[in-house]
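Protein chains in written order, with this note's numbering: chain A, 1 to 243; chain B, 1 to 321; chain C, 1 to 294; chain D, 1 to 436.
Note that these hints are calculated values from the structure, not bench results. All values derive from a computational prediction rather than experimental measurement. Keep in mind that a hint or two might mislead.
Unchecked claim - Which chain B residues stay away from chain D? Per the calculated CB distances, all over 12 Å, these:
1) Ala16
2) Tyr22
3) Tyr31
4) Leu90
5) Phe101
6) Leu155
7) Gly156
8) Ile181
9) Ala238
10) Ser274
11) Leu299
12) Pro305
13) Lys306
Unchecked claim - Stretch by stretch, here's where chain B covers chain D in the computed footprint (C-beta under 8 Å, at least three residues):
14) 127 to 140
15) 178 to 186
16) 208 to 215
Glycine included, every Cβ here is placed at the ideal spot set by N, Cα and C.
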Amino acid sequence: MTTLLTTRQLVKRFGGLNAVAGVDFTLEKGEIHALIGPNGAGKTTFVSLLCGRLEATEGSIFFKGKEITEMPAWKRVRAGIAYTFQITSIYSNLTVFQNAAIAAQHANKPADDAEQRAKTALEKVGLAAYASHEAGSLAYGHQRVLEVAMGIALEPELLILDEPTQGLSDLEIEQFCGLIREINQQTTVLLIEHNMQVVMSLARQISVMDQGLLLAQGTPDEIQANAAVQSAYLGTIDEENVA
Amino acid sequence: MDSKNSQILSLGIHAAVVISFYALQYVLPEYHLLALTRIMLLAIFALGFNLLFGYTGLLSLGHAMFFAAGMYGAGLTVYHFGWSVPGAFLFGVVCGAILGFVIGMIALRTTGVAFMIVTLMFAKVSYLVIVYFTTYTRGDEGLVMPAEFRGFELLGMSISLTDSVTRYNLALLLLTLTMLIVFLLVRGRFGRALVAIRENESRTRMLGYNTFAIKLKVLTASAALSAMAGSAYALMFAYIGSSFATIQYSIDPLLYTLLGGAGTVLGPVFGTFSMFYLIDIASEYTSAYLLVTGIVLVLLILYFPKGVFGAIRQKYCRWLP
Amino acid sequence: MDFGPFLFLATLEGLVQAAVLCLTALGLSLVFGVMRVVNVAHGEFYMLGAVLAYWITSWISGNPAMGFAVALLLAPLFVGVVAYLSEKIILRRLGYDPEATIVATIGILYILQQTALLTFGPDARPVEPPLYFRVEFPWFGYSGYKLIVIAAAVILLLLAWFVITRTRLGLIMRATQFDRETAQNYGIAVDRVYAMVFAAGAAFAAIAAVLIVPIQQAHYLMGGDPLLLAFIVVIIGGLGSIRGTLLAALLIGLSDGIFSVFFSPTLAKMVSTTLVALVLVFKPEGLFGHRSRL
Amino acid sequence: MKQKKESSSTDVTGVSSSRRRTLKTIGTGIAAATAPVWFPRAYAASEPIKIGAQLHRTGIGASYGRWYERTATAAVNLINEQGGINGRPVELIVEDDGTDPKRGTEVLEKFATQHKVDVAYGTLFSHVVIGSSPRAGELKLPYVVCSEGHHVASGKLNRYVFQPGITDVRSQVISMAPWISQNLGKKVTMMFPDFAFGHDHRDYFSQAIAEQGGEVLELIAVPPTETSFTRYFPRIPRDTEVLYHVMVGPGVLTFVKEMGQHFGKKRPEIFGFIDSLEAVDLATPQLEFLEGTYFWEGNPRYAQADQSDFDKQYRAAVGVDGKGASLADPKDVSTYSHMFACWESLFIIKEAMELAGYRSVADKNAFIEAMESLQKFDEGLAHPQGNKIFNPKLHQSFGHQHISKVGADGSMEVVHKTSIEDGLYESDVDYTQMAL
């Protein structure tokens with residue numbers, strides 16, 4: 001396996017608060033990597049640093065061996081890092097197809113087949129039938145899926161999904177997991193996820209964050225066995241899930 | 001309707017508008033020929049404005065500065081250096097484009113209300129610059145293009161801008177050109193990117209678009225079109241003055257666009273036409289004809305924010321560009 | 001004239017300017033601070049104040065001070081009512097959407113200005129100062145009334161300061177400014193607060209105009225310059241910050257007064273307008289204010 | 001703005017009493033002059049001669065515009081009473097130029113292409129005239145202006161533009177410079193509006209006073225839209241003997257008041273152009289300091305002891321009392337010093353049209369040639385301000401100027417009247433050589 005992305009002592013400070021407090025992180029090509037941790041652990045801030053929505057205060061980020069710490073977000077997208085928003089951020093006044101097409105026509109790919117690739121992305125996520133609907137009129141679950149479709153249409157090397165299953169029904173979650181596995185055939189996936197069943201069924205690697213720091217990293221089994229994680233985090237989640 | 005047919009149809013509608021403008025010159029009395037010449041040039045201005053406002057979602061309150069840049073770029077070179085009409089015209093357009101680029105580099109760091117106020121401020125500065133350098137511009141009084149510079153040779157034809165029919169057709173040519181440019185810009189990939197920025201800029205950035213660069217391009221294009229209108233206005237009507245750089249001339253394209261429908265190609269043309277005549281008629285009844293401007297603005301924003309063609313598009317034909 | 005007296009005169013002129021500007025800009029700042037909308041028609045409320053002052057003083061004969069006192073009371077009240085109505089009829093229906101509001105207030109600007117043209121006419125008309133005397137300095141004379149304007153503005157500002165910081169009314173306003181939803185949850189009628197604030201903002205402009213009209217005369221086009229200057233002040237001072245607004249008004253009024261004595265007033269306006277645009281781009285929180293972006 | 005009228009209307013008094021007027025800004029002034037006039041039947045049936053009046057109804061020149069309109073309307077009424085022009089009634093079509101050159105040009109277009117007027121006429125502010133004139137030339141529309149500037153006589157306009165009703169600024173200042181240097185002083189500071197009209201003052205008075213052995217110490221240009229003037233006064237040098245002021249725009253009263261505040265009793269001699277206080281009552285509080293200062297007047301605002309019968313009749317026709325204020329409203333002071341130009345110009349148009357046997361627009365060239373054949377105008381009801389000579393090459397008239405001293409009650413008494421010869425100057429301009 002080759003390394004796709006690494007960070008070195010990555011820090012993000014908001015005023016006096018260290019939201020991300022020096023993280024060394026490695027992502028291998030081809031894996032599905034889940035980022036977990038309690039609310040306010042800095043997960044969203046951390047992936048925002050990776051995709052360029054936020055600028056790092058200190059530290060550095062490498063993607064495919066090149067430093068991208070200073071690179072603006074749109075360039076990172078073109079370099080192959082796609083990000084889907086935690087809060088659905090689609091073009092609600094435009095049609096579903098237009099949403100996908102806007103994502104598909106980014107500059108790295110030939111212009112002519114943008115529409116084709118948009119169609120393909122919609123077919124993959126099962127939204128092809130809604131292509132001419134206004135995106136804002138879709139059901140919530142469909143909007144989440146459209147968000148992912150836009151990520152797919154970018155044909156990235158790394159797809160970052162921020163809590164993609166939030167608000168989805170069990171059936172939708174199941175379909176979603178299948179979709180992620182399919183995407184994973186070409187694309188490395190990094191997802192922030194609270195639903196431990198999803199995490200355990202999808203992830204090959206798990207990183208745990210707490211208070212801006214990386215607590216542990218390993219396979220699902222290793223993480224489940226990790227006493228520190230157990231006490232800090234997993235236990236509570238499991239209880240919640242059981243309840 | 002499939003996309004190919006709808007494109008042919010919308011091209012057809014736009015062509016019909018151009019053709020009817022062309023045909024009108026044979027029936028219109030002199031006064032309306034003049035009025036329509038003005039309307040066509042102002043419509044170019046509105047189309048330029050709409051490129052930024054309607055398609056990209058950036059509301060500039062300072063577009064008079066671009067109109068004036070074209071006007072003074074063309075007018076001053078004719079007046080002081082005796083440039084011929086085509087050269088001066090192009091120079092005016094270039095002036096507007098450069099100003100648009102420079103203003104864009106600064107103002108596009110802001111969005112929303114801040115962008116409106118920053119552009120308003122820069123337009124005010126431009127007006128003051130014209131008044132301040134009165135030695136060259138003659139400030140309020142303005143300059144009149146000497147008669148000997150009103151004719152030119154182009155491709156073996158000698159063209160005189162003192163002839164009202166010639167002016168009319170030149171204005172129509174420029175309007176057609178502008179509509180074509182806007183049509184092509186907003187239809188394809190670029191247009192889709194503009195709409196994406198209008199609808200959700202941060203999302204668009206996260207889809208790999210350099211939104212700043214795109215906005216800068218659009219602002220430059222918008223300024224160049226506005227300057228083209230100003231440049232043509234100066235050369236055709238042979239007068240340049242600081243009145244054209246006042247806030248009034250920043251509000252007018254907004255008014256035209258809102259009335260006709262932001263984000264449509266025909267909207268600004270229709271809006272300019274209706275508003276021009278509305279004001280012309282109102283001014284026969286009262287000196288306070290700008291009251292109409294105020295009332296129309298308020299009514300539009302309250303009850304009809306999509307404008308005439310915006311509403312038509314929403315209701316009947318979504319494919320209208 | 002020698003430099004010393006020259007600077008002294010410039011400072012006096014600057015203070016008059018700053019006094020009026022404080023009041024005008026305070027109104028604009030208040031509206032932005034609480035409602036988060038930019039009122040482009042602010043200058044026309046100012047104009048309306050001056051025009052009303054002319055009407056009121058010309059109806060009331062006798063001692064000019066009488067008419068002026070009535071004008072100082074009634075003109076802002078009437079302007080406040082006009083503003084209140086335009087808020088209720090227009091701005092409220094737009095849901096205070098920032099951009100739509102600007103377009104709407106541009107419309108209101110034209111409506112007010114042109115209505116003044118229709119009714120008041122195109123002439124500039126003088127209002128007699130309530131009391132007039134000339135102050136004789138060794139180098140030049142100066143209008144005593146202008147000094148009164150400075151004093152009156154200071155008193156009015158202190159009054160406004162007291163209302164905003166020390167009264168229940170001010171508290172409600174500040175609460176609404178701080179967080180609209182929470183204020184609503186605490187039973188504050190936000191709609192009514194908005195309408196009152198919009199009216200109060202306009203009334204401030206009218207007060208400034210009544211004070212200035214014995215110096216400058218009422219004219220239907222007089223709203224343009226105060227609007228621009230008030231904008232400048234509010235932006236430099238930090239949007240919505242009252243303390244910043246007052247500091248900035250003093251700074252701008254004095255520097256504009258002084259600058260335009262020594263250089264061309266047009267150049268002064270050019271430079272200050274450019275600087276303000278740059279402040280808005282690069283330091284949107286203003287020079288004195290806290291962070292509260294447009 | 002215009003008063004739209006059907007040409008078949010029997011009420012061809014120049015300004016109709018159309019219902020639209022209820023909406024107009026300036027209703028009252030015109031109403032005074034709208035008394036219906038009776039015409040012989042045959043006369044009323046003929047097509048009127050249309051004169052397009054381009055006037056400042058709004059903008060910074062509005063007070064002039066109001067009085068110019070009243071004066072023009074009164075003159076048209078009188079002309080119509082006297083049988084019109086060549087037996088045809090005269091119709092005045094008024095359009096507002098907003099005191100804006102841009103709109104001025106559009107107004108001329110409207111005259112030429114929509115109203116199809118015979119002559120365009122009117123306006124005062126020099127920037128409007130300068131902006132509009134080339135368009136008049138292009139439209140081949142005779143354009144008779146009542147401005148004051150030197151722009152017509154300078155030769156930079158064209159053959160279609162005439163200024164026969166009022167002396168130009170250059171001539172005015174040349175004729176008065178000797179009196180100023182002999183009676184008031186030789187060291188002059190000038191305050192003037194920063195546009196064409198003010199620049200004429202600057203250029204020609206500086207030259208004229210230098211020829212008298214005087215000098216201009218300081219030139220203070222003020223933008224015509226300025227509202228506050230105190231800041232300009234410190235630039236007046238202390239050794240100034242005469243302050244020469246001329247101001248226009250809505251801020252004029254403020255200008256003069258602030259001048260008084262600045263100087264108090266320790267003032268230099270002050271010589272102003274009445275432009276600085278046109279349409280303003282000199283008895284306004286805070287203007288007391290003006291007592292003993294001097295003003296140029298084209299036509300004396302206060303009826304003088306030796307008032308001519310013509311001036312009496314002219315005042316009555318326009319509706320102005322002996323103090324230059326409106327008969328209907330004594331607070332409404334006229335632009336008396338300038339507005340005679342409107343009156344006289346209309347009678348000159350009449351004279352030239354009758355000379356040319358003018359019938360229709362087709363006789364335009366004959367009209368222009370007839371204008372260029374005029375040599376002089378005798379004092380009379382048509383020329384109440386006094387006799388003038390007309391220089392056809394320059395398209396410019398030359399008449400008498402008045403210097404008045406302000407008295408205690410704000411009245412003004414003429415202390416010096418220049419001769420026409422005082423104001424003549426050499427020029428090689430010749431519009432008659434230009435093609436029509």
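Taking the hints in turn, this is what the structure says about them:
1. Taking the minimum C-beta to C-beta distance to chain D, about 27 Å, the non-interface status of Ala16/B holds against the 12 Å cut.
2. The non-interface label for Tyr22/B is consistent with chain D: the shortest C-beta to C-beta separation is roughly 20 Å, beyond 12 Å.
3. Not every C-beta of chain D lies more than 12 Å from that of Tyr31/B, the closest at about 4 Å, which undercuts listing it as non-interface.
4. Annotated as non-interface, Leu90/B keeps its C-beta farther than 12 Å from every C-beta of chain D; the closest such distance is 24 Å.
5. Taking the minimum C-beta to C-beta distance to chain D, about 28 Å, the non-interface status of Phe101/B holds against the 12 Å cut.
6. No Cβ of chain D comes within 12 Å of the Cβ of Leu155/B; the nearest lies about 25 Å off, and the non-interface call holds.
7. Here Gly156/B stays apart from chain D, with its beta-carbon at least about 25 Å from theirs, past the 12 Å limit.
8. At roughly 27 Å, the least C-beta separation between Ile181/B and chain D is larger than 12 Å, which holds for a residue marked as non-interface.
9. Against chain D, the non-interface label of Ala238/B is violated: not every CB pair exceeds 12 Å, the least being about 6 Å.
10. No Cβ of chain D comes within 12 Å of the Cβ of Ser274/B; the nearest lies about 18 Å off, and the non-interface call holds.
11. Chain D leaves Leu299/B outside its interface by the beta-carbon criterion, the shortest separation being 19 Å against a cut-off of 12 Å.
12. Every CB of chain D lies more than 12 Å from the CB of Pro305/B, the least distance being 29 Å, so the non-interface label holds.
13. The claim that Lys306/B lies off the interface holds: its Cβ sits roughly 32 Å from the closest Cβ of chain D, which is beyond the 12 Å cut-off.
14. Coverage of a stretch by a chain is defined here by at least three residues with a beta carbon nearer than 8 Å to that chain's beta carbons; for the stretch 127 to 140 of chain D and chain B the count is 8, and the condition holds.
15. Coverage of the stretch 178 to 186 of chain D by chain B is violated. Counting CB-CB distances below 8 Å, 0 residues qualify, and the rule asks for three or more.
16. For the stretch 208 to 215 of chain D, the proposed coverage by chain B is not satisfied: 0 residues have a C-beta within less than 8 Å of a C-beta in that chain, short of the threshold of three.
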